[in-house]
Amino acid sequence: MINQYQKPARYALSKIELKMEVNERIKEMFEHRNPDKHILKFEPGLNEDVVRNISKNKNEPEWMLNFRLKAFEVYKQKPVPQWGADLSRLDTEKITYFAIPDAKHNSKSWDDVPEDIKNTFKRLGIPEAEQKYLAGVGGQYDSINIYHKLKQELEKKGIIFEDMDVALQKYPELVKEYFMTKCIPITLHKYVALHGAVWSGGTFIYVPENVKLEQPLQAYFRMNTESFGQFEHTLIIVEKNAEVSYIEGCSSPKYNSSSLHAGCVELYVKEGARLRYSSAENWSNNTYNLNTKRAIVEKNGTIEWITANLGSKVSMVYPCSILKGENARADHLSIGYAGKNQEQDIGAKVYHLAPNTTSIVKSKSISKDGGIARYRGLLHVNKNAVNSKSKVQCDALMLDNISKSDTIPVIEIKQDKSSIAHEATVGKISDEQIFYLMSRGLTEEQATQMIVNGFIEPIVKELPIEYALELNRLIELEIEGSLG
Amino acid sequence: MSLIIKDLHVNVEGVEIVKGVDLEVKDDEIVALMGPNGSGKSSLANVILGNPKYTVVKGEILYKEKNILELKPHERAKLGLFLSFQYPQEISGVTVFNFLRTAYNSLNGKKISVLDFKRLLEEKMNLLKMDKNFMNRYLNEGFSGGEKKRAEILQLAVLNPSLAILDETDSGIDIDSLKIVANGINNLKDKKSMLLITHYNRILQYIKPNRVYIMINGRIVDEGGYKLADEIEENGYKKYL
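Going down the list, the protein sequences come from chains Z and P. Residue 308 in this note's numbering sits at position 308 of the first sequence, and the numbers go up by one each step. Convert by adding 484 to the 1-based position in the second sequence; the result is the number in this note's numbering.
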């Protein structure tokens with residue numbers, strides 16, 4: 001895999017500056033809350049009026065309202081999943097489902113964003129990254145995108161990069177065709193149905209045939225409000241032989257009560273197209289992260305998932321690749337970290353539905369202070385998928401004796417002529433490794449950090465440098481116990 | 485400044501493996517510690533650096549007039565002690581460069597710039613005839629026996645301790661590697677004391693010790709000049725067994 005984010009040498013040298021920025025970002029991520037200034041904020045709880053009012057507020061076409069209402073019906077009927085992480089303490093009646101900050105929608109200039117919100121995004125490093133290396137940026141704050149901009153020259157190439165709400169108004173035909181239809185239907189599970197009923201904001205990307213974007217697009221989703229639910233929808237369509245790389249960052253400050261994140265990511269990778277989807281989810285540890293992500297990959301297409309899950313109280317996230325066309329390929333790289341009172345139930349699903357399809361899954365998890373890190377995976381090879389290849393490698397590292405790690409792979413093979421490999425390792429840092437590093441002058445903490453950083457390095461190196469440093473620093477802080 | 489070990493008794497998992505050792509390495513002195521396998525030489529080396537697997541039940545280890553038994557391994561390293569391991573650990577995902585720079589910064593209590601450190605590392609790698617790409621490899625992962633030993637000596641060269649203990653640096657490497665490693669060590673031995681732990685006198689043909697100790701079954705059984713090593717080469721350890 002090629003690292004698309006390699007920077008000129010001069011850029012790499014300012015690592016110390018980057019490190020300082022990263023510290024600032026992390027502080028902002030978890031500690032800073034802006035005052036609650038909304039022009040509209042719903043009362044907590046969910047009923048049909050809430051669903052209708054979201055739609056009305058956005059002035060949506062009637063079909064979308066009907067879609068939402070249908071999804072709400074499905075939501076009510078579907079049971080809470082009884083497998084995976086413990087969701088029994090998630091009280092959906094205490095969640096606020098819609099809040100509009102006192103800010104202009106989709107500003108094209110950061111100067112038009114209110115000072116406090118702008119400062120949050122500044123400290124998260126977004127405008128700077130935009131200047132340095134991004135092709136376009138979206139910024140969502142609670143329910144609404146407050147900033148959205150694509151470089152002009154890219155607009156001319158026919159690339160669409162919009163807030164999902166705007167896309168619904170501007171490109172209704174595309175949205176009608178692709179929005180929760182073939183990729184993620186509302187019947188998939190309870191929280192997908194919930195998402196269909198109350199979704200707001202998110203990203204819409206359309207890359208026309210043969211257009212290749214060199215610089216990535218990025219969206220940052222920030223939850224600021226207490227007991228909030230964020231339901232952004234990401235829909236990316238990469239047409240034939242087109243290429244794009246997209247990065248999502250997520251965070252929220254700490255509160256005592258629970259928040260809910262039930263986003264939806266639908267990716268369409270057409271024939272010969274290539275999409276790299278990277279995400280760093282750093283929700284505060286009061287958040288239930290029930291994100292659903294799926295990609296449909298056509299002939300000769302490639303999807304690359306690079307996902308990092310830190311933070312959250314509970315995560316249930318299993319990016320899924322449906323390899324529909326011949327020679328389609330999926331790479332899943334993921335890192336999960338579970339600290340005190342955290343349960344990371346994460347993994348990957350791959351469906352091989354056509355001949356010569358390939359998938360590679362590499363999952364790394366770390367658990368500490370009683371945290372639970374679980375890999376849950378599904379690998380399905382159907383009878384058409386002749387000569388398919390799949391390799392799954394799950395490595396778990398536990399930093400103490402009270403933490404837990406588990407691997408639950410489900411493998412369904414309906415085709416003999418395929419090659420499947422599954423490997424799982426569970427390890428602890430050995431005393432001999434620690435002693436070796438300490439004998440060279442490192443403290444025990446430094447030695448532990450070095451081993452952990454090395455453990456996740458194969459995946460971290462695929463992330464843009466800001467996110468790589470952020471991830472390393474977050475894990476350092478977790479090991480020091482200073483994130484609390 | 486010297487290392488002084490007095491009546492040292494060491495247990496591992498309840499079994500005594502070092503049974504009352506007295507040993508001294510003076511300033512700028514090269515001392516060989518010889519003995520057959522299982523005589524407790526490696527254990528002694530590990531105890532000097534503070535490997536928590538070993539329990540000191542009796543005795544003292546002094547370095548630079550300080551009792552070091554209470555110090556953690558990294559504090560001993562800061563005092564100038566270094567151990568070239570017989571079996572160095574593999575640290576996946578951590579490059580030789582990053583590891584050594586972190587160790588260097590930690591030992592010196594200040595940060596060296598990436599460029600300055602690269603220069604220093606390249607200079608030391610030349611000394612050991614190492615390829616430049618070596619610094620980007622993950623520490624000891626997939627290294628051949630000879631590469632591991634060379635990497636240990638590279639660490640010695642970069643971290644520049646005042647007392648280096650070399651545990652079986654001559655074992656498991658071919659003659660060409662041994663020559664390079666020995667030559668490297670000879671270039672580094674100025675203003676350093678060394679304790680060379682070895683099974684037989686292969687490495688001692690290249691690095692001449694000032695004194696030799698013979699250790700058998702947890703005890704020092706003989707002590708002498710360089711000639712003693714030659715005697716062992718000729719007759720083995722049978723006279724002590």
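You may find that some hints are simply not true.
Below, computed lysine-lysine pairings styled on DSSO-like, alpha-carbon distance capped at 27 Å [to be verified]:
#1 P:Lys675 to P:Lys722
#2 P:Lys692 to P:Lys490
#3 Z:Lys41 to Z:Lys313
#4 Z:Lys27 to P:Lys692
#5 P:Lys692 to P:Lys632
#6 P:Lys594 to Z:Lys19
#7 P:Lys602 to P:Lys537
#8 Z:Lys19 to Z:Lys461
#9 Z:Lys428 to Z:Lys391
#10 Z:Lys461 to P:Lys616
#11 Z:Lys389 to Z:Lys240
#12 Z:Lys428 to P:Lys632
#13 Z:Lys428 to P:Lys663
#14 Z:Lys404 to P:Lys537
#15 P:Lys602 to Z:Lys19
#16 Z:Lys149 to Z:Lys240
#17 Z:Lys461 to P:Lys490
#18 Z:Lys299 to Z:Lys151
#19 P:Lys595 to Z:Lys428
#20 Z:Lys149 to Z:Lys58
#21 Z:Lys461 to P:Lys556
#22 P:Lys595 to Z:Lys27
#23 Z:Lys27 to Z:Lys58
#24 P:Lys490 to P:Lys595
#25 Z:Lys19 to P:Lys595
#26 Z:Lys461 to P:Lys632
Cβ-Cβ distance ranges computed for the label pairs, FRET-style [as the list claims (entries may be wrong)]:
#27 P:Asn617 to Z:Asn57: 57 to 63 Å
#28 Z:Gly427 to P:Gly498: 51 to 57 Å
#29 P:Arg621 to Z:Pro208: 56 to 62 Å
#30 Z:Thr187 to P:Arg621: 31 to 37 Å
#31 P:Lys537 to Z:Gly45: 26 to 32 Å
#32 P:Gly498 to Z:Arg33: 51 to 57 Å
#33 P:Lys556 to Z:Asp369: 50 to 56 Å
#34 Z:Lys157 to P:Lys556: 58 to 64 Å
#35 P:Asn617 to Z:Lys122: 23 to 29 Å
#36 P:Tyr690 to Z:Asp416: 55 to 61 Å
#37 P:Lys616 to Z:Thr181: 52 to 58 Å
#38 P:Arg621 to Z:Glu423: 41 to 47 Å
The hints are simulated quantities; they were obtained by calculation from the structure and are not laboratory data. Nothing here was measured: the structure is a model prediction, and the numbers come from that model. Using N, Cα and C, we set each Cβ at its ideal position, and we do this for glycine too.
Hints breached by this structure: 1, 4, 7, 13, 17, 18, 19, 21, 23, 24, 28, 29, 30, 31, 33, 35, 38
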